[in-house]
Amino acid sequence: METFKCECGHLNHVGTVICESCGKPQDETATDLLDMKYEGTARRSIVNNQTFIDKVWMFFSSVKVAVVIIIITLIAAALGTIFPQRDLLPPTADPATYYQDEYGTFGKIYDFIGLDNTFNSWWFMLLVASIGISLVICSLDRIVPLYKALNKQTVTRHPGFLTRQRMFGTTKVENITEEIEKAKKNLIKKRYKIREENGNILAEKGRFSRWGPYVNHIGLIIFLIGVMLRYVPGMYLDKALWVQEGELKPIVGTNQNYYIKLNDFHMETYNKKTEGKVYEEAIERFGNDKIPKNYQADVTLYKRQGNLIPGEEPKLTKVKDYNIRVNEPLKFQHFALYQVDYKIGEFSAFLFTLEDKKTGKKLGPLKVDLQNPKEVYDLKNGYKVELRNYFPDFYFNSDGVPDTKTRKPNNPAFVFKMTTPETPKGEVAFVAIKQNIEPDGVNKYKMTFAGIETKDSTGLTVRKDLTLWLLGIGGTIFMIGVIQGMYWYHRRVWIQNQDGEIWIAAFTNKNYYGLKQELKKVLGDTKIELPIDQQSEKSV
Amino acid sequence: MIFLHMGGTAYMKKNRTLIRTLILLIMVAAIGYTFYINFFKEDEVVSKGSTAPNFALTELNSEDKFTLSEQKGKGVIVNFWGTWCEPCKREMPFMNELYQKYKDQGIELFALNADESEFSVKKFVSDYKLTFPIAIDKDQEILNIYGVNPLPTTFFVSPDGKVKRIVTGQMTSTSFENYIKEILPK
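Just so you know, the protein sequences line up as chains A and B, in that order. For the first sequence, our numbering gives the first residue as 464, with consecutive numbering after it. For the second sequence, our numbering gives the first residue as 112, with consecutive numbering after it.
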């Protein structure tokens, strides 16, 4: 059995509580107020012969299930914020030991059960996906019968329907049709739409408000689709790009089509002398030259011409110069480069002079580029310095031999061979920061440290997001739904002639107080008595 | 709007099951795709069996251009290394030796340095007396394309241009020779 017939002749779905057409409550023995949720219709999923699909459908159609999924998701999301997520750890941290080191046993457990990666985990995504499915099915299962019930409602409702509305009242009057006519005029003034049948009235307004939640859900679903789109290749990018002053680098994510060169990086601070007297006290509170004023990367954007095999020198044409500042990204195509980080004063070159230890006479200086040192530095007139070995990140390796730890010039060390007219065979010296070792005995000459050249680096974020418009549309529809449901009321007033009495019942989906005030005005100049709020009567 | 029709006929029921199946299928497909992208698809990284991405670099000493796609018919070994990397150093002697042994049998070895200074690389090459082609991978461009982490990593490319084997970390002389035999042209 899929349907049953009401006494009015209308076929209703199994599970229907109130006849869609005449409004007769199916449980005639009950006297309590009718639950008007979804107009007492049956949820679409309540069917008898259940296939597997029906069972899945019914599971997700349940609001209880939806609430449980949402609560689990909420708890999971909350737990995910207790400690930093793995992909947001400080760059210096070792993810393997970080949680235990920082947070002890609890941190270890947190890491072990995978909460360190909550928001990228399969189970969290599955939860969000379930919310999405539940949203679609819950909405479909309710909006369809609700729409039909509101569309099919008749003017003359079953007496059992009227008596069990929250607002109900009866009045004995002499001239029934006249009084009803008066009330009708007033209802029209209040912008009700009136339908009449055998002298009975159904006045209705704001049915539109009932669709609010569903419009809202459509917005949410569009939003979720937008979030999903992020994972489609090419739709979304959020990557770090470090560029040092003078460096030319391909921009990640552009398929080597765009290159960027950092011309200059500057970080400025507030100085009490230059900012004027008014700010002196404020600046002093944090210290002079302590408060950052500006982080700025002066860059040039290049576009590559023609095809490129990786490794080949690209042919570039300049697109534009731009000064990237915080919140002022360089935008091109769909990409935006944001200023997010910086490094000041990384070693780029060391300067040395060749010094005669006895006389103190200095030659040079010569400049050793730490990224790309030369083999020979010719100081003319028979003086020259050869670079015999170079350790950008000097340490003693497991064999006790000088070696380099990384390729970055964090702690440069050099082996120089100095040749002069006085020392034609050359003298060898090992030079590191604050170290000068002469392995072959005492030298006549030495390499004297004469200065340092540094370069700044900028840390940029390369961003591309082609899903924003969809998120915007989803968000807007969501808001429209909220407004629709919040600022409009669905109100209905039934006035019926029942054997010489006027029966009046009223319904609203919210704000019964407002409805009562409105009914006072509608019935003010009639002899019809104000219906009684049966709920508040009961509770008193 | 099929949804809005009512009726207790078997036809309607069938219709409804069909619509439900369809809606569920669409949703499962969308979620499935998202999961696939997130958890199963590797990030454009070279994997076993895929075509080795092409690159062209200038050899350090000869200054000849080496283009991977022009090596078809040869078995090519692409080794990523750095002078600071201890296991890389330990591999160098036997790579040097076995290169000499197999180079006339159609094996090419190309060692890409992870963006160090020319001075350091040249010094290293002369210290270890390396005879196989070497190039500096500027900005670690090729290293990133091949998704290399950590050093050393060695790719063995068959004569048909497909990646036959990827070895992460240090090899031994024996394993290295065995892998060479796998990509030896017939």
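Incorrect hints may have been included.
A short, non-exhaustive set of chain A residues, derived as facing chain B with CB atoms under 7 Å [what the hints assert, rightly or not]:
#1 I596
#2 N835
#3 G845
#4 E849
#5 Y853
Calculated cross-link-like contacts (lysine-lysine; reagent style DSSO-like; alpha-carbon spacing at most 27 Å) [what the hints assert, rightly or not]:
#6 A:K907 - A:K847
#7 B:K233 - A:K880
#8 A:K927 - A:K880
#9 A:K918 - B:K176
Keep in mind that the hints were calculated from the coordinates and are not lab data. Ideal Cβ positions, reconstructed from N, Cα and C, are used throughout, including at glycine.
Here is how each hint holds up against the structure:
Taken as an interface hint, I596 (chain A) checks out: its beta carbon lies about 5 Å from the nearest beta carbon of chain B, inside 7 Å. With a least beta-carbon distance of about 5 Å to chain B, the hint placing N835 (chain A) at the interface is held under the 7 Å criterion. The criterion of a C-beta within 7 Å of any C-beta in chain B is not met by G845 (chain A), whose closest approach is roughly 23 Å, and the hint is violated. The interface hint given for E849 (chain A) is violated, since its Cβ lies 11 Å from the closest Cβ of chain B, which is over the 7 Å cut-off.
Nearest Cβ of chain B to the Cβ of Y853 (chain A): about 6 Å, under the 7 Å cut. The hint holds. About 14 Å separates the Cα atoms of K907 (chain A) and K847 (chain A), which keeps this hinted pair within 27 Å; it holds. For the proposed pair K233 (chain B) and K880 (chain A), the alpha carbon gap of about 17 Å is at most 27 Å, so the pair holds. Distance restraint check for K927 (chain A) and K880 (chain A): the Cα-Cα separation of roughly 52 Å exceeds the 27 Å cut-off, and the hinted pair is therefore not satisfied.
Restraint check for K918 (chain A) and K176 (chain B): not satisfied, since their Cα atoms lie roughly 32 Å apart, outside the 27 Å limit.
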